[in-house]
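K.L.:
Assemble chain B onto chain A, guided by the hints.
There are 2 protein chains.
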Amino acid sequence: MNKKGLAVLMRTKVRPSISPPFPNTFHKMKTSPRESAPISPPSTPSDSERDFTQVRDWMHSAISMNKAEILDAALDEFSEGYVCLSHESRRELLLALGQDYDLHRAQVRELMKQYLDLQLPSDKAENSGNEEEGSLSAFYRIERNLRHALKPMYEVLFERLNTHPGGLKFLSDMRADIISILADENVASLRALDSFLKEKLVTWLSPANLELHNITWDDPASLLEKIVAYEAVHPISNLIDLKRRLGVGRRCFGYFHPAIPGEPLIFIEVALMKDVAQTIQEVLWDDPPALECDASCALFYSISSTQPGLSGINLGKFLIKRVIDVVKKDLPNISSFATLSPIPGYMQWLLSKLASSERSTPTFRENLLNPDEERAILDASGELNIGKSGMEVLWNLLASKDYEWANSMNLTSVLRAPLMRLCVRYLVHEKKRGKALDSVANFHLQNGAMVGRLNWMADRSEKGLKQSGGIMVNYIYRLENIEENAQSYICGGHIQTSSDAIFSFEDDQQDRKD
Amino acid sequence: MNKKGLAVLMRTKVRPSISPPFPNTFHKMKTSPRESAPISPPSTPSDSERDFTQVRDWMHSAISMNKAEILDAALDEFSEGYVCLSHESRRELLLALGQDYDLHRAQVRELMKQYLDLQLPSDKAENSGNEEEGSLSAFYRIERNLRHALKPMYEVLFERLNTHPGGLKFLSDMRADIISILADENVASLRALDSFLKEKLVTWLSPANLELHNITWDDPASLLEKIVAYEAVHPISNLIDLKRRLGVGRRCFGYFHPAIPGEPLIFIEVALMKDVAQTIQEVLWDDPPALECDASCALFYSISSTQPGLSGINLGKFLIKRVIDVVKKDLPNISSFATLSPIPGYMQWLLSKLASSERSTPTFRENLLNPDEERAILDASGELNIGKSGMEVLWNLLASKDYEWANSMNLTSVLRAPLMRLCVRYLVHEKKRGKALDSVANFHLQNGAMVGRLNWMADRSEKGLKQSGGIMVNYIYRLENIEENAQSYICGGHIQTSSDAIFSFEDDQQDRKD
Chain A
1 MNKKGLAVLM RTKVRPSISP PFPNTFHKMK TSPRESAPIS PPSTPSDSER
51 DFTQVRDWMH SAISMNKAEI LDAALDEFSE GYVCLSHESR RELLLALGQD
101 YDLHRAQVRE LMKQYLDLQL PSDKAENSGN EEEGSLSAFY RIERNLRHAL
151 KPMYEVLFER LNTHPGGLKF LSDMRADIIS ILADENVASL RALDSFLKEK
201 LVTWLSPANL ELHNITWDDP ASLLEKIVAY EAVHPISNLI DLKRRLGVGR
251 RCFGYFHPAI PGEPLIFIEV ALMKDVAQTI QEVLWDDPPA LECDASCALF
301 YSISSTQPGL SGINLGKFLI KRVIDVVKKD LPNISSFATL SPIPGYMQWL
351 LSKLASSERS TPTFRENLLN PDEERAILDA SGELNIGKSG MEVLWNLLAS
401 KDYEWANSMN LTSVLRAPLM RLCVRYLVHE KKRGKALDSV ANFHLQNGAM
451 VGRLNWMADR SEKGLKQSGG IMVNYIYRLE NIEENAQSYI CGGHIQTSSD
501 AIFSFEDDQQ DRKD
Chain B
1 MNKKGLAVLM RTKVRPSISP PFPNTFHKMK TSPRESAPIS PPSTPSDSER
51 DFTQVRDWMH SAISMNKAEI LDAALDEFSE GYVCLSHESR RELLLALGQD
101 YDLHRAQVRE LMKQYLDLQL PSDKAENSGN EEEGSLSAFY RIERNLRHAL
151 KPMYEVLFER LNTHPGGLKF LSDMRADIIS ILADENVASL RALDSFLKEK
201 LVTWLSPANL ELHNITWDDP ASLLEKIVAY EAVHPISNLI DLKRRLGVGR
251 RCFGYFHPAI PGEPLIFIEV ALMKDVAQTI QEVLWDDPPA LECDASCALF
301 YSISSTQPGL SGINLGKFLI KRVIDVVKKD LPNISSFATL SPIPGYMQWL
351 LSKLASSERS TPTFRENLLN PDEERAILDA SGELNIGKSG MEVLWNLLAS
401 KDYEWANSMN LTSVLRAPLM RLCVRYLVHE KKRGKALDSV ANFHLQNGAM
451 VGRLNWMADR SEKGLKQSGG IMVNYIYRLE NIEENAQSYI CGGHIQTSSD
501 AIFSFEDDQQ DRKD
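Protein chains in written order, with our numbering: chain A, 1 to 514; chain B, 1 to 514.
Just chain A, with the same shape it has in the complex (with noise of 0.2 Å):
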């Protein structure tokens, strides 16, 4: 699972005044039995050391007892106590965790001197008897041996609060904590207890264990208020828009964790439509939806993860192909899955070229704009921009913080062929370590879907033009290329993109010179 395709879109998909790490967490955690009883933050710096040095003593306790009804009381206590602690109480609690609850590096170093000692045999034993037998099962004991003493004290707490009532959800909103950490200051111990728990996170939260649900307007008020505070693709204005969203040519999909009842892990947003839509303007507000045996194609809209701690754990890749399945087999007429995606990176990278583009010297710089576009760019900015060069006043259009240029019909065509080319570079061609630049495009490419076709002024909110210039991308999904696709891109960062789509604007334009 590649770590960045979630990790980023999650940090830019939640909406910070939702679910902050810290200030959310301490809500959101309080999933244990005692819900009611009164938690006051610690108020003065003596009673947060206080604080401090219990829950510690409580995270001992969680770690060392073998009783298991003090064991419950200690999880308990721990858990309640965590989220109480500051943010700095809770960073030094888990340094402390990190570093304290290691692995016995003397009893490691110990087995592997006994392991080099072996003689290795052959790899290709031509006596396999039992001479060959009896020395291998040292090699079995002590490989067996070193897997245990290279687990982290600090599994016991993992394993100990994920069958503990309300312990999953404890640990998702742990790591959320630890990730908030890691991006101020690289710890190495802390990097190391996050990669640990992230492979066990994964392990819990394997697809076998996920149960997927249709979710409607007859789902509980307590999940439907979840889908809303939790949507963060485009935000659900009213309760008409929710209800819309969950009826008639709609669907919404979530999968869910028994551990962590009544809230989605991850929800998608579908749309059944006549085609592939072009804005998200008919698929949020035109009215009336197509009549879903009219479908021929299920649109996904919008893709939310609920929890920032489940961070690099690609669960949408498993959602989206249940999802396929399901609406397969409920719609037999509908043929083509396609996604109708923000590009959240484009605006702030083409800003940042045209910047060094024209910073470089004349040797080195390379123009963005063909001389045709720089002409039109020129003709329609006026006299202001007179004796600068079409880089410069695309830049300054673009920087504008009031999106002028988009309600400018004469700008907005001039600008459509430069926005379109570029975004076509930026999306397929322009990688850092082999991976896409766009973290939506990088999340369904390594989901094993295509670039599909660009849509010119599809999401003209404010957010839509910022990030994009008002372009959305349909992603489309073959089932029957998905892995193939996966595999090419995440090994050898191939690129797919759908001929007949992407390329439809690039005719247009020639339909337009012609």
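None of these hints come from the bench; they were simulated from the model.
Check before you lean on any hint, since a few could be wrong.
When chains are identical, the list treats them as one kind, so a pair holds in a single copy or across two.
[Stated by the list, open to error] Heads up, simulated EDC-like pairs for lysine to aspartate or glutamate below, C-alpha to C-alpha not over 16 Å straight-line:
hint, residue 1, residue 2
1, Lys321, Asp72
2, Lys328, Glu292
3, Lys200, Glu159
4, Lys328, Asp294
5, Lys274, Asp294
6, Lys151, Glu199
7, Lys466, Glu404
P.N.:
What follows is chain B alone, placed relative to chain A:
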């Protein structure tokens, strides 16, 4: 978890007529969607040869492939092909899996050498600054790589099967085969495979993933049929017997895994009684049962594991604890929780002890009988035994196949004292590697029970007389001591006895002598 516990329990309990490891898995494994496809077992050696090669190729594909659709097909082909193989071909295939898909020892050694070259930071770091952190990150990196390198290649197959429909059940059946092969020959690579698979199963079957279900007469016949088939302690003779066990005054609880629907992994039968039962007769057949409102005791009279492939994975402990919790909430007047259990190894132990004592030279000879007991036995056994010792006579009585002694008032009253006394010794004092000799005793003791009252002539069935001379024992579960008892038994071999119960028999004897 103690390997001996359920392993032995299951070997002795699951009736071979119902689930012999090989012929049975043939039927049981057919859980894939292609259930109705005809399967013809290999008929001629050349067919078998071809089948084996095919299945081995599918196994290879299932491990090395990456494309989802083909992978699913390969997993289906492999698991369906596997169940068609003969015992011998399965053995060969499992050996190949263990040997050809082992870990890369050269890579492991390389990482170890790198690791041992690192400078171990002092345990009490005086400068825990950036330098320290930097040197540690090298440790963390290699430790992480080693954790991965120490995973055998066959882990991929296990992981993939676990998330594949029917795969968890298949893995459990496959492990039953492995256990059965290991019982005949001790192959180091296969033992390592078994131990690795067992650890995987322990993770997947963690109590958090299991569901407790109260099985009643309203459950589907297909589930109740399984209960009849798997009941291993007191076979269910007919529908009336089954209905009674699920009716008033009785409970039956099963542990289910979502991936193995319609079939409990383990189930327990409970009788609600006025007092702790002394004979299995009153539990199974006495009519009518006590009113539930009058009951003060929940008696566990049968616990059966259904999957031989989960041998050594102690699900019983969690089941018993959960059931005690549920019953306590449901019926607050229930104050004691106990079993009425067989003592499957007692007679075998006693007969071999009598035989070896008889053979010993007089100096080392231990007379297992008190003078009073010996005199009484010789008196009661008549003229035929003139010149023989008490132990010789006792051996002859107990070893006779028709258990005639049990029908003689005279003999049973004479044998009661020595058989009960020696049974206490067998259960509480005789140990092997610090554990109770008796498999059922070991199971309940490691779960945290105490040895309670011994009950004379509690099971007069042929099996009861053969295994334990008709004696049964109540193991007592006191929720407040469960973890303490379990810990002190597992770590120190200490066996708790419930003083009011176990010595009541000895007091009783005392009374009789007075």
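K.L.:
Tell me the numbers of any earlier hints that the structure contravenes, in ascending order.
P.N.:
none
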